[in-house]
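Line by line, the protein sequences are chains A and B.
All residue numbers for the first sequence refer to this note's numbering, where the first residue is 23 and numbers rise by one.
All residue numbers for the second sequence refer to this note's numbering, where the first residue is 40 and numbers rise by one.
These are computed hints drawn from the structure, not numbers from a lab.
Don't take every hint at face value.
[Said to hold, decoys possible] Straight-line Cα separation of at most 25 Å, SDA-like style, residue types lysine to any residue; simulated pairs:
1) B:Lys163 to A:Tyr33
2) B:Lys169 to A:Gly90
3) B:Lys70 to B:Thr96
4) A:Lys26 to B:Asp262
5) A:Lys26 to A:Ala83
6) B:Lys163 to A:Asn99
Note that the structure is predicted; figures quoted are calculated from it, not measured.
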Amino acid sequence: MVKKLLKYELYAYTRTLLPVYAILLGISVLCRFVQFFENDHVSYGILFWSSVIALIITVIACIGMTVGYGIVRFYKNLFSLEGYLSFTLPVTPTAHLIAKTLGQFIFCAAAVAVSLVSVAIATAGEVLVELFRAGFWLIGEFFENCGGHAAFYTLVALLLLVIIVGYFYLMCCACISVGQTAKKNRILKAFGAYFVWYLITQAVGTVGIIVFAIFGEIGLLEAIARVIENYPFEFVHVLMVGAFIIAAAISAMFFFISHRIMSRRLNLE
Amino acid sequence: MSVLLQCMNLTKTYGQVTALDHVNLTVESGKLIGLLGPNGSGKTTLIKLACGLLTPTEGDIRVVGKAPGPESKAEVAFLPDNSYLNTWMTVRQIVSMFTEFYADFREELAYEMLTQLGISPDKKLKTLSKGNKEKVCLILVMSRNAKLYVLDEPIAGVDPATRDYIMSVIINNYNPDASVLISTHLISDIEQVLDEVIFIQNGQITLQKAVDEIRAENGKSVDELFREVFKW
């Protein structure tokens with residue numbers, strides 16, 4: 023069932039976002055086209071920077087709309103009139119949540135890919151060659167300095183990127199689901215849920231800093247500095263894997279909250 | 040006859056408002072049943088609970104012997120009282136979606152009914168008139184070989200000729216081993232096809248009887264009895 027649901031998710035995303043991606047690619051072509059008329063005249067400068075700014079704005083809009091559409095679709099498809107269809111399909115809430123999260127992953131990756139392609143088009147020529155050269159040099163330096171750790175760092179960094187997308191999306195889904203438990207002003211309650219979660223993370227962060235400061239005075243900072251000095255690569259491993267585990271655990275909690283509300287407290291009034 | 044819908048002390052409240060109050064109800068197979076009651080009596084709430092769109096505050100509900108969930112939803116065909124389909128999809132895409140998700144969906148029958156009504160499958164739902172949208176929704180529901188059909192106001196807001204067509208679609212296409220639960224205010228339009236009626240008032244079932252029994256015992260039609268019972 024996830025496969026079937028995902029098919030319609032991708033269809034809905036494509037229908038809405040494909041024009042945005044096409045506009046982005048169009049602006050990047052325009053940006054490159056403007057560069058063919060390079061000269062010292064002030065009007066060229068205005069035209070060039072205008073096209074660059076338009077490209078930057080469209081890249082931001084493209085990624086923002088992809089994330090925003092996923093969140094709006096979650097609400098609209100499950101908790102508005104469309105929910106009458108979604109929740110009468112013989113499908114579990116787990117399948118709904120997995121399909122929606124996968125749709126968001128795929129289209130976030132697509133938005134990033136289209137943005138990179140648009141930058142490549144806008145800089146096509148010597149600039150792009152230089153960019154590639156610099157990129158390959160950086161990758162080479164990274165692998166030379168980190169040795170065998172580099173591959174693992176790359177893998178965990180990619181996984182971290184994926185989990186961050188999932189974390190943010192599932193957090194929004196959980197807030198929307200919590201909002202649905204209200205008798206009225208459900209969207210307002212969803213924002214309230216987000217605000218409460220924000221306060222919790224801030225409080226935990228503040229408490230963490232206080233604890234760190236207290237223990238720092240009794241040698242914690244020196245101990246950490248010694249670990250970094252003696253085991254620099256291992257320390258980064260622990261840091262990255264730790265961040266991944268924490269983000270994955272919190273994402274799972276958000277998934278569980280939405281699932282619980284969709285399966286036990288659904289009220290499509 | 041098997042029990043398709045069973046409510047045991049089913050209660051649903053919205054804040055201070057009690058929409059359903061300790062309802063006990065059994066719906067058996069092979070019947071066309073009218074769920075009748077004035078506005079706000081709890082008809083739609085009962086239907087939504089049966090379809091798993093609402094969670095009961097108290098009590099229990101069993102649909103085809105199961106608690107509302109993916110298994111029961113595979114055997115219940117639901118027609119809500121408002122348009123719930125993606126209007127940007129074409130009729131063909133919606134039919135294809137139903138075929139994919141519901142194992143009991145009869146695709147050929149759906150296209151046959153669409154042809155009869157002159158609705159092009161390649162038209163987007165948003166380009167159809169309100170009446171045609173309602174017909175598409177009904178076709179999708181009645182093309183299923185479900186055990187329980189739950190229709191919320193299927194003939195409200197359509198002209199009398201369309202009402203007749205809708206009723207003929209319901210009568211001719213439902214699985215004879217199944218039951219059809221129809222919620223409506225337009226009793227006179229459907230009473231000749233009903234086997235049984237359920238009167239609901241203030242969230243409580245006040246009557247559940249065979250239509251023939253009502254006529255024999257009261258000497259009145261269901262419409263006349265309804266007007267008498269729910270008189271202001």
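Each hint tested on the structure:
no.	hint	verdict
1	B:Lys163 to A:Tyr33	holds (15 Å)
2	B:Lys169 to A:Gly90	violated (31 Å)
3	B:Lys70 to B:Thr96	violated (28 Å)
4	A:Lys26 to B:Asp262	violated (45 Å)
5	A:Lys26 to A:Ala83	violated (29 Å)
6	B:Lys163 to A:Asn99	holds (18 Å)
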